[in-house]
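Participant: Given the coordinates of chain A, assemble chain B onto it according to the supplied hints.
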Amino acid sequence: MTAPEPTRSQPMTVTEQAETPAGGSHEDTPLLDLLSGFIIELRQAGLPVSLTENLDAMEAVTHIPIEDRDAFKYALGATLVKNHSHWRAFEVVFEVYFSMRGDEYTLDEVVEGEGPEGEPGPPGEGSPQGGGGAMSGLTPEQLAEMLMKALMNGDQAMLRALARQAVMRYAGMEPGRPVGGTYYLYRTLRNLDLDGVLEGLMDAAREEAPEDLTPLEERLERDEFSDRIEQLKQEIEAEIRRRLVADRGVEAMARTLRKPLPEDVDFMHASREEMADLKKAIHPLTRKLAVRLVRKRRHGRKGSLDFRNTIRHSLSYGGVPAEPKFRFPRPAKPEIMVVADISGSVAAFARFTLHLVYAISGQFSKVRSFVFIDGLDEVTRFFEGVEDIGEAVHRVNTEADVVWVDGHSDYGHAFGVFWERFGRDVGPKTTVMILGDARNNYHASQSWLLKEMQHKARKVYWLNPEPRAYWDTGDSIVGEYSTHCEGTFEVRNLRQLEAFVEKLV
Amino acid sequence: MGFRFEDVDGVRRSLADANYLADDGIAGIVYLADRLGKPILVEGPAGTGKTQLAQSVAEITDARLIRLQCYEGLDESKALYEWNYKKQLLRIQASGDDSGWSEIEDDLFSEEFLLTRPLLEAIRAEDRVLLLVDEVDRLEVETEALLLEILSEYQVSIPELGTVAATQVPLVFLTSNATRELSEALKRRCLYLYIDYPDLEREREIVLAKVPGVDANLADQVARIVRSIRQLDLKKSPSVSETLDWARTLVLLGINKVDAQSATDTVNILLKYRTDIDKAVKEFADRPDDLVDDGT
Numbered sequence: 017m018t019a020p021e022p023t024r025s026q027p028m029t030v031t032e033q034a035e036t037p038a039g040g041s042h043e044d045t046p047l048l049d050l051l052s053g054f055i056i057e058l059r060q061a062g063l064p065v066s067l068t069e070n071l072d073a074m075e076a077v078t079h080i081p082i083e084d085r086d087a088f089k090y091a092l093g094a095t096l097v098k099n100h101s102h103w104r105a106f107e108v109v110f111e112v113y114f115s116m117r118g119d120e121y122t123l124d125e126v127v128e129g130e131g132p133e134g135e136p137g138p139p140g141e142g143s144p145q146g147g148g149g150a151m152s153g154l155t156p157e158q159l160a161e162m163l164m165k166a167l168m169n170g171d172q173a174m175l176r177a178l179a180r181q182a183v184m185r186y187a188g189m190e191p192g193r194p195v196g197g198t199y200y201l202y203r204t205l206r207n208l209d210l211d212g213v214l215e216g217l218m219d220a221a222r223e224e225a226p227e228d229l230t231p232l233e234e235r236l237e238r239d240e241f242s243d244r245i246e247q248l249k250q251e252i253e254a255e256i257r258r259r260l261v262a263d264r265g266v267e268a269m270a271r272t273l274r275k276p277l278p279e280d281v282d283f284m285h286a287s288r289e290e291m292a293d294l295k296k297a298i299h300p301l302t303r304k305l306a307v308r309l310v311r312k313r314r315h316g317r318k319g320s321l322d323f324r325n326t327i328r329h330s331l332s333y334g335g336v337p338a339e340p341k342f343r344f345p346r347p348a349k350p351e352i353m354v355v356a357d358i359s360g361s362v363a364a365f366a367r368f369t370l371h372l373v374y375a376i377s378g379q380f381s382k383v384r385s386f387v388f389i390d391g392l393d394e395v396t397r398f399f400e401g402v403e404d405i406g407e408a409v410h411r412v413n414t415e416a417d418v419v420w421v422d423g424h425s426d427y428g429h430a431f432g433v434f435w436e437r438f439g440r441d442v443g444p445k446t447t448v449m450i451l452g453d454a455r456n457n458y459h460a461s462q463s464w465l466l467k468e469m470q471h472k473a474r475k476v477y478w479l480n481p482e483p484r485a486y487w488d489t490g491d492s493i494v495g496e497y498s499t500h501c502e503g504t505f506e507v508r509n510l511r512q513l514e515a516f517v518e519k520l521v
Numbered sequence: 028m029g030f031r032f033e034d035v036d037g038v039r040r041s042l043a044d045a046n047y048l049a050d051d052g053i054a055g056i057v058y059l060a061d062r063l064g065k066p067i068l069v070e071g072p073a074g075t076g077k078t079q080l081a082q083s084v085a086e087i088t089d090a091r092l093i094r095l096q097c098y099e100g101l102d103e104s105k106a107l108y109e110w111n112y113k114k115q116l117l118r119i120q121a122s123g124d125d126s127g128w129s130e131i132e133d134d135l136f137s138e139e140f141l142l143t144r145p146l147l148e149a150i151r152a153e154d155r156v157l158l159l160v161d162e163v164d165r166l167e168v169e170t171e172a173l174l175l176e177i178l179s180e181y182q183v184s185i186p187e188l189g190t191v192a193a194t195q196v197p198l199v200f201l202t203s204n205a206t207r208e209l210s211e212a213l214k215r216r217c218l219y220l221y222i223d224y225p226d227l228e229r230e231r232e233i234v235l236a237k238v239p240g241v242d243a244n245l246a247d248q249v250a251r252i253v254r255s256i257r258q259l260d261l262k263k264s265p266s267v268s269e270t271l272d273w274a275r276t277l278v279l280l281g282i283n284k285v286d287a288q289s290a291t292d293t294v295n296i297l298l299k300y301r302t303d304i305d306k307a308v309k310e311f312a313d314r315p316d317d318l319v320d321d322g323t
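If you read the sequences in order, they're chains A and B. This note's numbering numbers the first residue of the first sequence as 17 and each following residue consecutively. This note's numbering numbers the first residue of the second sequence as 28 and each following residue consecutively.
Only chain A is shown next, with the shape it has when bound in the complex (with noise of 0.2 Å):
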C-alpha cells in the first residue's frame, strides 16, 4: 500500500491549476480531499488506479464544470476507469462519494424538514400535485395512483419524487441502525407490490388501445413498462444509499457497499447476474486461450535447415548461402480432454465448467469433453454443432450417464472408467485437464491411474475451485492427486483462470 501516499501529496499541485480557469476557488480544496478519499477508495474496492490516471483525474476535472455533476461523473470514469466491467463498482462508489447530500436527507426530521424550496432534486415541473412536500399529507391509495400515472406517462421527474416519499415512507429507515440497504429496499418494494403495478400497466394499456393488442405490440409494451420500473427501483436504491450516506458516513457506507469485481467472484457463490457476466467474460478468455496456442505453433523455434531451399537461394547471390532457408515447424495440433466433476458439491462451479468447455471446443478442432460424479460418460457430442449452450448443458446434465452407484462423487471410480475406456486415445499431444474439488467422499482415490495418464499424455492440469486452505482437509484428496499433475490450480475466479491460462503457454 504505497500508492496512496502521492495521492495525498497530490492536491497541492492542482490546486493552483484550479483556480485559474473554474475561479471557484474557495471549494477547492475540499473537493480535491474528498477526490483522493474516493480514489483510495476505488483502490480499496480492487480496481487498479495508477498514480498518471490519479493526475489524469485531477486535471480532467479543472476542465469541467464543477457544477455539472454528470460531466463530473463522467471526467472521472474516463480517466480511471479503464475496463467497462469496473464500471459498476466506480458508479456506486461514486454515488455515495459525490451524491447530493444536505439536509433534507438526515432520517430525523425527513417529513417536516422539507419544503419545495429544499427540494434538491427537480422541482414540479412535471408533477400536477407540486413536489414531494405535498405529497406526505397522500394516502397509500393515492400514491399508488399517482405512481401508476407517472409510469404510464414516463415521467421521470415524478418517478424521481415518488422514489422518495415511498422511501420515506415504507422503508422505514431509523438512524444508525445497522442494517444494510438491502433490508430496507426490500422494505420499500414489498410495499409498493411492483409486480401488481406491472398488469395494472398492462391492463391500462390494453384498455385505451383502439383494437387489440397483437402479442407483438403487447411484449413491446411490457419490455417499455418493465424498462420503467427498472428505472423506479434503481431511484429506490439510489435514495436509500443517499439516505444511508447521510447517516452513517461517507467511508463507512463505502465499505459496506464494496463488492467483488466480477474477475472476483467466487465461482462457487456467483449470484445469477454474477454468473451471466461470468459467461460473457468466458468468450473473450477462450479466444486469448486459442491465440496464444496458436501463436506458439507459427513464432515458434524455426524448423531444421533447408537445404535445398538454400541452394536455390544462393543461385541469386552468386552461389553464396547467404540467406539461408528454414523448414517450417510443423508442431501437432494441440489435443484436449477436459474431466469434469459435475456433483452437487460443486454444482455452481460445474455450470460453469460446462460452459467453459463449450467455449474451448469453439476454438480448438480437437476437444473431447467428459463428466463424471462416480460414473463418467463422454459429453462431446452434446457440444459439436450446438449453437445454444444452453441446450447442451441440459442434454448433459440429464442425458449424461453419470450415476453409478449412489451419485456421490468417487473419481476413484470415474478416473477407471476414463482410463478403461479412453485411455487408448490419450497420446503424447493430449493435454488433459481436470476439473473438481478432489473431495471424494472417502472412496479410494486410484491415484495410479492419474500416474499412468500422465506417463502417456503430455501434460495432466488439474483445475480446483476451492480455496487452498481447504485443500487436503476433510475427504479432499487433491495433494494426492496432485503429485502426479503437472500443475495444480486454484481457480475460483476469472482472474485466476485468466492467470492459468497464462501459465499454460
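Please keep in mind that the hints were generated in silico from the structure rather than gathered at the bench. Take every hint as true, because none was put in to throw you off.
Simulated coverage check for chain A against chain B, where a stretch passes if three residues somewhere in it have a Cβ under 8 Å from a Cβ of chain B: (1) 69-80; (2) 91-103; (3) 235-246.
We treat Cβ as the ideally placed atom computed from N, Cα and C, and that holds for glycine.
Facilitator: Relative to the frame of chain A, chain B by itself:
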C-alpha cells in the same frame, strides 16, 4: 495552442450537425481529450459507431483522417516507418567511385529515403490530422508497445534519424471490440470511453436522423423492437448499423407499421445466426398471455 472545442455542449451540437448523435458521455470525453491532449480508447460491441465517431470528429474539426487498421502480424515497417532500401541501393550505385563513403552514408539515412507509414505520417503532418487506430485488440500484446511512445509523447524515435516530434497534438482515437484485454500500459495513456448499445430514445433519434423517409412512428417501433430483441439471450445482438439497415428495408418495402408477420419476414437483416433468428421469431409469435398466467 488553441483548443478545438469551446465546451461539451458545443461538441455535441457540432457532432449532431455531422449527423452523429452523441450522448453526454461521448461528447464530454471528446471534449476532455482535446483539453488534456490525450488519446481516446473507444471500446464497445461491434457496430455501435466507434469508428464512425472518429470519422465524425475528423469531419467537425476539419481534420484529415489517417487510419491505421490493425491486424495480427502488423509490424513496425507497416505501422511506423520503413527505409526505402531499393532507393538506397540505387543511391549507392549512382554515386560511382568518385564520392566518399561517409558522404553516402550520411545521405542514405535521410528523410529522402524514409517511407512514412500512418503513425509517423500523423506525427509529421503539417495540417490538422486525426489519427484513428482501428481495432487495436487485433494486435498482439508485444506489438502494442509500438503505439506507446506515440500515445504518450506524440513522437517517434528513429535510431538513424533521431526523434520526430509532432508539430501539433493530433486527436487520436483507438477502437477495440474488447476481444482481449489490452495492456495496462496502453490503457493508462488513454481516456476510456465505452460505447454501449444506445438507449431507446437515442436509438430512435439515430434512426430518424440516418434513414431518409422514415416517420416518427416507425422509428419508435423499430427502436422498441430492437430493444426487446437485445434482451433475448442471443449469440450476437443487433448492432446500430443493423438497426439502420432494417429501418431502411422497412421503408423500402413501404411498411409503416411493423407487425409480427413483417417483423418475421425481415428479421434476417437484424440477426445473422440461424438460432438467433429462430429465437426472435418465436418471441414475435408467442402469445404473451401465457406469460401473464405464469406471472400471477
